[in-house]
Amino acid sequence: MPSDPTPLTESEVLRIRTDFPILQTEVNGHPLSYLDSGATSQRPLAVLDAEREFATTMNSAVHRGAHTLAAEATELFEGARASLARFIGAADDEIVWTSNATEAINLVAYSISNASLGRGGAAAERLRLGEGDEIVTTEMEHHANLIPWQELAARTGATLRVIPLDDDGALRLDVAADMIGERTRIVAVTHVSNVLGVVNPVDQLVAMAHAQGALVLLDACQSAPHLPLDVAALGVDFAVLSGHKMLGPTGIGALYGRRELLAAMPPFLTGGSMITTVTTTEAEYLPPPQRFEAGTQRVSQAIALAAAVDYLTAVGMPRIAAHEHALGRRLVEGLGAIDGVRVLGAGIDLPRVGLASIDVAGIHSHDVGQFLDDRGIAVRVGHHCAQPLHRRLGVTSSTRASTYLYTTDAEVDAVIDGTAAAIEFFRRGA
Amino acid sequence: MSDLQNLYQELILDHSRTPHGFGLRGEIAAQSHQLNPTCGDEVTLQVHRTDDGHIEAIAWEGHGCAISQASASLLAELAEGLTVAELEVRIAAFREAMRSRGTIDPDPELLGDAAALGGVSRYVARVKCAMLAWVAAEDALAKA
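One line per chain: the protein sequences are E and H, in this order. Using our numbering, you'd call the opening residue of the first sequence number 32 and step up by one each time. Using our numbering, you'd call the opening residue of the second sequence number 2 and step up by one each time.
Careful: at least some of the hints might be erroneous.
Claimed, not checked - Here are a few chain H residues that face chain E, going by a calculated C-beta distance under 7 Å: (1) Glu11; (2) His34; (3) Cys40; (4) Gly41; (5) Cys66; (6) Ala67.
Honestly, the hints are just simulated from the structure, not real lab data. The structure presented is a predicted model; accordingly, all values stated were derived computationally and were not measured. For every residue, glycine included, the Cβ atom is placed at its ideal position computed from N, Cα and C.
Work out the full structure: start from the sequences and follow the hints.
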């Protein structure tokens, strides 16, 4: 990552916005200010066109059939895999397509589960879990990176341990250093918190885990869209991401796994397209990534996601990150300056993406969100699939604003001004 | 009055700030806990009856948005002195109005001040907030 990349200029952002038709629309009589990209991002024409182009000229099944369209579709599908692999610093055969990041995490958890039942032969022995083994995750995780491990622990007899947060919401690395020990087999942690917007010190956690021979799974859902990501440089063993959070369509996600690990893993979903020889009693499986891609694949979604990756690469991830870092700081400072507003995690001294969640004293997040919606401002309200984090910080829900490359300073200011106005509105007559 | 001001009328904000019937008594059979999993809003509600079958009081505790809190308060205010059958009629009428997407105005003769929640029905995502306490009351009545 080059040092001090130039943030996007205002005119560049305005130019980028013309590629996103939805950003030209109005909501409740106001121009849409879309501050919910952390939940799902908007899609540029290039992504929509790629999907339509495929459907109108090449649509056919991949990895089956020998006709011209099938060959072309297969080539594009595998080309999309290569694009995503390059984008995150992986090799082509280290990328497995999934429906979303949740499925990717479950794929790993169920593969380990299957290994623990003896599936996968000698190669899978290193993955087997049982009583005395420990899985480590954190109190900050999205439910998708928590519940699959709760279930895996319940199925295998392993123990789930959770790295706690300090009062600001930061990971307690001192506790992690004690918790991650010789019993630890896998450490599952998010790269960027979907509530706090801080970038976790993944390198330190990787070092702790690897020193004990444990594997690391990185939830990159909130980092891959917003930061230059290099899974090989980070040294993680697995990483998961979600296409619709990075300008791509819904229904597509990916698992990165180190080649030798994927090769050792028994399959999760089984069926067509993942086999070599099948008899009525047993089957042999293809090598990864096909071993993990049973059934008809999400071809047009993968191709559209590759178009999204091309779009992001053309703008430049270091510059997108610099733009959003500035937006994030503007959000945190502006919201934090409002009387009665608490920015969750504001005290954490770590790099940030363009995301901030707030608790407003005496006003529920749904009411804040409703007020902003009336002004055409879209934010997320609720617990953002992170109940343990909210509980730790003493709130049941929060209002979250999250940016992307197409977000302007003016939109961030609209959220800040709108929040101040919401407080005035709901306190009237009190 | 804008849609937003109609949604959050003074009456509704007042009820959310100083709710009627807030505070549970000892646990009884006619009690229900309802949770809205998308936002974490919760209510626990008791229907207390007199010996002759009238509703003496609705007692509740919970937390959530202004709409859910005001709605529980307005329900508690409305229910006092009604028969169970009369309350059931009102719950049905309230639900019908809430699900109407703004096409049915709640009848103030029947629903009293709770009719002020009529604006909620235009906001499909908020209907469950307004319904939370009413669903709890219905469930509590079904239990005992």
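Results for each hint:
Hint on Glu11(H) holds. Least Cβ distance to chain E is approximately 5 Å, under the 7 Å limit. Restraint check, His34(H) versus chain E: the minimum CB separation of about 15 Å is more than 7 Å; hint violated. Hint status for Cys40(H): holds, given a least beta-carbon distance of 4 Å to chain E, under 7 Å. With its C-beta approaching chain E no nearer than about 4 Å, Gly41(H) sits inside the 7 Å limit, and its interface hint holds.
The interface hint given for Cys66(H) is met, as the beta carbon of that residue sits about 4 Å from the closest beta carbon of chain E, less than 7 Å. Contact between Ala67(H) and chain E, as hinted, is supported at the beta carbon level, the nearest pair being about 5 Å apart and thus within 7 Å.
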